[in-house]
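Asker: Read off the chains here:
There are 2 protein chains.
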Amino acid sequence: MNGKGEQAMIYLGVDLGGTNIKAAAVMEDGRILSETFLPTMLPRSAEAVTEDIVNAMGQSLEKIGAVWADVAGAGVGCPGTVDDESGMILYSNNLGWAHFAMRAFLKERTGISVRLANDANAAALGESIAGCAQGAHSAVVLTLGTGVGSGVVLNGKMLSGYTGAASELGHMVILADGEMCTCGRRGCLESYASASALIRMTREAMTAYPKSILHELAKREGGISGKTVFLAKELGDAAGTWTVERYIHFLSIGVANVVNIFFPEIVALSGGVANQGDRLLEPLRQEVWPQVFGRVRPERRVRIECCTLGYKAGVIGAALMSRG
Amino acid sequence: MNGKGEQAMIYLGVDLGGTNIKAAAVMEDGRILSETFLPTMLPRSAEAVTEDIVNAMGQSLEKIGAVWADVAGAGVGCPGTVDDESGMILYSNNLGWAHFAMRAFLKERTGISVRLANDANAAALGESIAGCAQGAHSAVVLTLGTGVGSGVVLNGKMLSGYTGAASELGHMVILADGEMCTCGRRGCLESYASASALIRMTREAMTAYPKSILHELAKREGGISGKTVFLAKELGDAAGTWTVERYIHFLSIGVANVVNIFFPEIVALSGGVANQGDRLLEPLRQEVWPQVFGRVRPERRVRIECCTLGYKAGVIGAALMSRG
Chain D
0 MNGKGEQAMI YLGVDLGGTN IKAAAVMEDG RILSETFLPT MLPRSAEAVT
50 EDIVNAMGQS LEKIGAVWAD VAGAGVGCPG TVDDESGMIL YSNNLGWAHF
100 AMRAFLKERT GISVRLANDA NAAALGESIA GCAQGAHSAV VLTLGTGVGS
150 GVVLNGKMLS GYTGAASELG HMVILADGEM CTCGRRGCLE SYASASALIR
200 MTREAMTAYP KSILHELAKR EGGISGKTVF LAKELGDAAG TWTVERYIHF
250 LSIGVANVVN IFFPEIVALS GGVANQGDRL LEPLRQEVWP QVFGRVRPER
300 RVRIECCTLG YKAGVIGAAL MSRG
Chain X
0 MNGKGEQAMI YLGVDLGGTN IKAAAVMEDG RILSETFLPT MLPRSAEAVT
50 EDIVNAMGQS LEKIGAVWAD VAGAGVGCPG TVDDESGMIL YSNNLGWAHF
100 AMRAFLKERT GISVRLANDA NAAALGESIA GCAQGAHSAV VLTLGTGVGS
150 GVVLNGKMLS GYTGAASELG HMVILADGEM CTCGRRGCLE SYASASALIR
200 MTREAMTAYP KSILHELAKR EGGISGKTVF LAKELGDAAG TWTVERYIHF
250 LSIGVANVVN IFFPEIVALS GGVANQGDRL LEPLRQEVWP QVFGRVRPER
300 RVRIECCTLG YKAGVIGAAL MSRG
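So the sequence lines, in the order shown, correspond to chains D and X.
Residues in the first sequence are numbered from 0 upward in steps of one, following numbering that gives the first Met the number 0.
Residues in the second sequence are numbered from 0 upward in steps of one, following numbering that gives the first Met the number 0.
If you are wondering where the hints come from, they were derived from the structure by calculation, not from laboratory data.
There may be inaccurate statements among the hints.
[To be verified] Output of the computed footprint for chain X on chain D, the stretches with three or more beta carbons under 8 Å from beta carbons of chain X:
(1) 155-161
(2) 246-257
(3) 261-272
(4) 285-292
Backbone N, C-alpha and C fix where the C-beta goes; we use that ideal spot for every residue, glycine too.
So here's chain D without its partners, still in its complex pose (with noise of 0.2 Å):
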């Protein structure tokens, strides 16, 4: 390749996290053409990450013998607010930025212009694209991780509001006056159903249950992790099944929602606790469809599923924002 555009469009992603920086070359029906990871090394400035993303972009060209002028389009996904209209990563908590002014930088170094997302809505779009939301009229992605990150694609949309801000499904409250979340606001999906939610209910679970088996459990596993009230159901223990019933309820309560307000196609899940696959997905379905409302064509029921492309989702929706 050579500038001339005579072979399939190329386009660059990069999935900006808190420990790799992840680059990809993309095809534009999804399909990765290469790969880069750097590290992040943080703490370090903003101009500093974004020269090693410079670095991993054209890295990850080099590796297909492109050079920039065969991208058809770039994009980056980032934690924190972004507004892409602007080109300015407004706030990311987890980078320890404000107001930086990404879109210029990388266009003075690499001469082309870049699409900025939250990396939860790039996420999304990259399941929506090549994922298990191929296809779908629409799809809203939860990450059930440490927080309760989400994306929403509406019609091969990222949906980011007036405000060039993402959308924070984590942040709607589902039981006022509830938990401290981190955001501020008490009650939030994310302080019910992340990972970190269901660990803090396992440790209530020990406290209440001290003869349960959670106690080794967690002693041979060397801490409490998400998995590990799970392990304690299968082995039948009363308060490792109780736990994950009341998680399970909560997370129901926060699908619910999403169905009500958005009616998507499929509801996918990702991050730590969606692992569990279906130990985690057929209650969930159950507790969550008498709570759908209205009557619906029954074809049209709202599917809930797992994610299937993991990082790489990022990277391949960050790429292909700037498609069409």
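Got chain D; can you put chain X on it based on the hints?
Answerer: Below, chain X without anything else, positioned relative to chain D:
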């Protein structure tokens, strides 16, 4: 006008309510040229009522000397679950119908093809075309009446979802395992922010405060309404003040959820409780701001306002949903 299209385009809109069929001939910019009201006279069959929709539309045309061939587009807003794709009213609790092919019926009687929408979505579109959200990037309308109705308009389009069902923000749970809602879930926004919820809270306050002026006001008014506690608060009554604050607390949680989910340019309130105007809006805004997620550009703060079109929003939105 005589079908030769020499004058401005005419659109026909119908708002089908439990009490009245409201029809209007509307200009492309939302100006109303003529209106017709016919009683719905429920319980009646879908066919009988829709025959009167034809009459109301026809009379609206007659009043301006127009004929069916002059109509550039038409739409009907209905309570319940409406599927515009198939042209069906899937289910309406209010009307007592299910699975009625309204588009086919109207096409056969009038020769024109109507679009169908949920009435709350049509009203939201009307407000965004000619009312409080005119020119706005995006708008969410919450109607605080017997229930909590809602409509979402993003970039000039109603959000209706994959299922064809409307955005049901009133059936977003804000207090897990809280008050029973008419939809079967517990703790829906509707159970805490509707006029009915406010009346329930007023009753609770009257039981708790037997000396409150609320008792006297209720006697004088011939019953409790959504206004009662606001009147009591103005008179310095503690129980009234407490109830107003309690209601606004729950409403603020719902509005802040809407902001964190959609980040719309405007959240607009309508319905009985919204008639309180600034007595409601001012404390509501104060309580919503600290609950908004992230750091957004300050000039892009979501506006919280009251709707301005009243019942006209529904006919205007229904008429113009077929517009480009």
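Asker: In terms of beta carbon proximity below 8 Å, does the region 285-292 of chain D have 3 or more residues touching chain X?
Answerer: That given contact holds, which follows from 3 residues of the region 285-292 of chain D lying within Cβ reach (below 8 Å) of chain X.
Asker: For the region 155-161 of chain D, do at least 3 residues have a Cβ located nearer than 8 Å to some Cβ of chain X?
Answerer: holds (count 4)
Asker: Please count how many residues of the region 261-272 of chain D have a CB within 8 Å of a CB from chain X and say whether that reaches 3.
Answerer: holds (count 4)
Asker: Taking 8 Å as the C-beta cutoff, is the stated coverage of the region 246-257 of chain D by chain X satisfied by three or more residues?
Answerer: holds (count 5)
When each numbered hint is compared with the structure, no violation occurs for any of them.
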